[in-house]
Amino acid sequence: MKTIVVATDLTSNSNKAAHFAARLARDQGASLILVNIYRFWPANPAEVVGDYPLSTEEMRDNHQRELDSLANSIRKEYGSGIVLEALTEEGYVIPTVQGIVAEKKADLLVMSPVGSAPDGAQIMGSVATDMVTQTTVPLLIVPPSQEYGPFKNAVVGIDLDSPPDAFVVDNLLRFAKRFGCVVNVISVHSQPDEPSIKKRAERIRHLLASVPHTFTVLKGEEVYETLLDFTVSTKADLMMMIPQEHGWLWSIFNEGESQRMARLTEIPLLIVVR
980 MKTIVVATDL TSNSNKAAHF AARLARDQGA SLILVNIYRF WPANPAEVVG
1030 DYPLSTEEMR DNHQRELDSL ANSIRKEYGS GIVLEALTEE GYVIPTVQGI
1080 VAEKKADLLV MSPVGSAPDG AQIMGSVATD MVTQTTVPLL IVPPSQEYGP
1130 FKNAVVGIDL DSPPDAFVVD NLLRFAKRFG CVVNVISVHS QPDEPSIKKR
1180 AERIRHLLAS VPHTFTVLKG EEVYETLLDF TVSTKADLMM MIPQEHGWLW
1230 SIFNEGESQR MARLTEIPLL IVVR
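Going by the numbering used here, the sequence shown opens with residue 980, and the numbers climb by one from there.
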């Protein structure tokens, strides 16, 4: 892992994710890029009458100043050895972050699932949950209550009706090896004893052979609750998921389910993509 990008809206909860990413970058020997995206509204009525409080340049300078302050606090707390860059850009958050991720050839994107508002996500929090189905690189969503610590025990949800290809599994295994964690795979199926399902499960087991792992197939249909219960029972400190289109896991990432998953899980959630 060479480059980690963390997107922050400069709220306290979002900045906690930045500190989490800083420690992860230090442990992985990766460079860290702090990104803040702001939106300038030139059609604001206040601007039309000449009373608009900030120009584009002033708004950018203010955001950059706050981001630099965050960068300095990270350097002070974790040492000057971290290669750190702080970027402020104007634009819509998701496409702008995606552009930076592509330009910097990032290996991982880190975001917080909630802003600082007590009753829900603010800008970056809602964007983080929307990013789940749009990210082009692995996405780590870090709850604000999460203290940093080495990942030791990961839960992975896999849909055996629409199993991931070997390339995605290989990417998942790279993270497991980097983190040095045990991989506990769970799949929920209404007919787990079907020969075709057993065959697919064996294929996944074969792909996981290079890392310590367990594999559990449970009968049922309540995917969300089963995943969270399994996470608690295995004392997991990381949840890893693969957005598999048209399967039961895909429903979690559509129609508001991704928001529920990303906001309610109490441990970091890593979305693994190809």
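Hints listed in this document are in silico derivations from the structure and should not be mistaken for laboratory results. Predicted, not measured: the structure shown is a model, and the values here were computed from it. There may be inaccurate statements among the hints.
Listed below are the simulated DMTMM-like cross-link pairs for lysine to aspartate or glutamate, each with C-alpha atoms no more than 25 Å apart in a straight line [to be verified]:
1. K1178 x E1126
2. K1177 x D1140
3. K1178 x D1149
4. K1198 x E1126
5. K995 x D1047
6. K1156 x E1181
7. K981 x E1126
8. K995 x E1181
9. K1156 x D1172
Comparing the hints with the structure gives:
| no. | hint | verdict |
| --- | --- | --- |
| 1 | K1178 x E1126 | 39 Å, violated |
| 2 | K1177 x D1140 | 11 Å, holds |
| 3 | K1178 x D1149 | 19 Å, holds |
| 4 | K1198 x E1126 | 34 Å, violated |
| 5 | K995 x D1047 | 15 Å, holds |
| 6 | K1156 x E1181 | 21 Å, holds |
| 7 | K981 x E1126 | 23 Å, holds |
| 8 | K995 x E1181 | 40 Å, violated |
| 9 | K1156 x D1172 | 31 Å, violated |
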